[in-house]
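> Those sequence lines, one after another, are chains A and B. Under our numbering, read the first sequence as residues 1 to 270, first letter to last. Under our numbering, read the second sequence as residues 1 to 155, first letter to last.
Think of the hints as simulated: they come from the structure by calculation, not from any bench. Treat the hints with caution; some may be incorrect.
To be verified - Covered stretches of chain B, going by a simulated chain A footprint (3 or more residues, C-beta under 8 angstroms):
1. 60–68
2. 100–112
3. 116–129
Everything numeric in this text was worked out from a predicted model, so none of it was measured. Yeah, the Cβ is synthetic: ideal placement off N, Cα and C, and Gly gets one too.
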Amino acid sequence: MSRAEVDLQNSVKKACNNDEVPPKRKHVRACIVYTWDHKNSRAFWNAVKIQPLQSDEVQLFKALIMIHKVLQEGHPNTLKDAYRNRDFLSSLSSVFPSHGTAYGRLINQYDRFILQKLDFHRNNPGFNGIFEYEEYISLRAVNDPNEGFESIFQLMDLQDSINDLQKLIFATINQTPNNLCKVSALVPLISESYGIYKFCTSMLRAMYQQLGDDEALKMLFERFDSQHFVLRDFYTDCHAIKFLTSLITIPRLSNNPPNLQVTDEGTPIS
Amino acid sequence: MSKSFVRSIKNVANGYSSAQKIVRKATSNDPSGPTTYDMEEIASYTYQSQTDFLEVMDMLDRRLNDKGKNWRHVAKSLTVLDYLVRYGSEKCVLWSKDNLYIVKTLREFIHFDEMNNDQGAIIRVKAKELVSLLQDDERLNMERSAAQRSQGNHS
């Protein structure tokens with residue numbers, strides 16, 4: 001094993017030890033940087049697999065946060081490698097009883113979300129792990145409305161799963177010094193939900209430009225509006241947590257959903 | 001024994017080139033700096049031979065990936081990199097874009113010092129600002145041509 005792989009194994013081990021604190025950023029960052037330096041993530045997955053994740057709930061939960069982060073920020077090949085390890089990932093959801101402790105429930109739901117995310121990326125390879133608006137290329141120019149519908153349905157399903165997960169996290173946070181471990185799982189969810197939100201806004205606008213008043217589009221608009229409100233409340237809740245506000249910029253959504261019957265630049269469509 | 005003295009010994013012991021020495025000086029653990037003069041000098045190295053350019057970037061790369069205790073190395077390297085992107089050779093921009101993930105992943109940098117202050121905040125702000133500059137080609141071009149004009153006035 002090369003020196004880099006040994007270092008990587010150490011980082012993985014330290015990122016998901018069994019202390020009930022957020023996974024340390026420096027170790028997670030080392031994993032992410034490794035996937036870019038080597039343009040693949042096989043060694044990362046091998047290192048995850050040899051961790052004793054079955055032995056401790058906190059450890060497994062931290063591993064899921066780390067995996068989510070690496071999927072988001074790692075080299076694009078990470079998503080493909082992850083899909084090859086789908087069976088391993090799906091086995092993690094049933095390690096602990098999902099009706100038992102808070103961590104058991106969180107792990108179960110988080111793991112199912114990650115699998116859903118992987119399936120989405122498998123079906124829509126044009127998206128990067130964090131749905132960064134600046135970097136997306138393909139879907140804006142979607143000429144086949146059917147394909148557009150399919151993608152946006154899946155995106156909205158993903159958004160719903162994020163919301164379910166964040167609600168569960170908030171429900172299990174209580175006033176203990178150890179709650180930061182759970183809170184830190186919100187960080188990737190905030191960035192991901194906002195990326196999806198921006199995509200949906202832009203895609204729905206583009207689709208309106210093509211299709212005009214369409215019955216099927218109207219349903220999507222309504223669903224988008226209701227997701228807007230859920231998301232707005234989610235971000236407001238996050239603004240109340242100092243750990244989060246100092247670490248990342250939490251977006252603020254306006255009280256009313258954006259007008260979808262204009263272009264992104266705000267000019268109305270005639 | 002002062003830190004800068006130790007650094008000058010390390011420079012000799014590790015056989016660093018003059019380009020590497022100036023980068024190490026500009027991104028050291030001293031509370032002050034880097035000075036504009038230091039950064040101008042580093043920028044001028046990036047216009048010289050490919051070796052000089054690579055030495056500068058390689059040293060910055062090492063400093064950017066330094067550990068939390070050396071958060072000043074990271075913060076100052078971001079300052080220098082930001083300067084190079086504006087005033088350095090075109091190669092600096094290409095390098096930064098190729099290695100964008102290094103800067104991107106610093107946007108969540110955390111380090112608590114002995115007083116329990118989060119010194120990572122400054123790094124997070126700098127990293128965010130630099131990433132948004134690098135992703136906005138139009139603004140970057142404007143900044144670079146403005147930088148060139150202002151330098152023309154000086155000399």
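> Next, verify each hint and record whether it holds.
Here is what the structure says about each hint:
1. Under a criterion of three residues with beta carbons nearer than 8 angstroms to beta carbons of chain A, the stated coverage of the segment 60–68 of chain B is upheld, 3 such residues being counted.
2. Residues of the segment 100–112 of chain B with a Cβ under 8 angstroms from some Cβ of chain A number 9, which satisfies the need for three, so the listed coverage holds.
3. A count of 4 residues in the segment 116–129 of chain B with a Cβ less than 8 angstroms from any Cβ of chain A is obtained; the coverage claim is therefore met, three being the minimum.
This entry satisfies every hint, going by the numbered hints stated previously.
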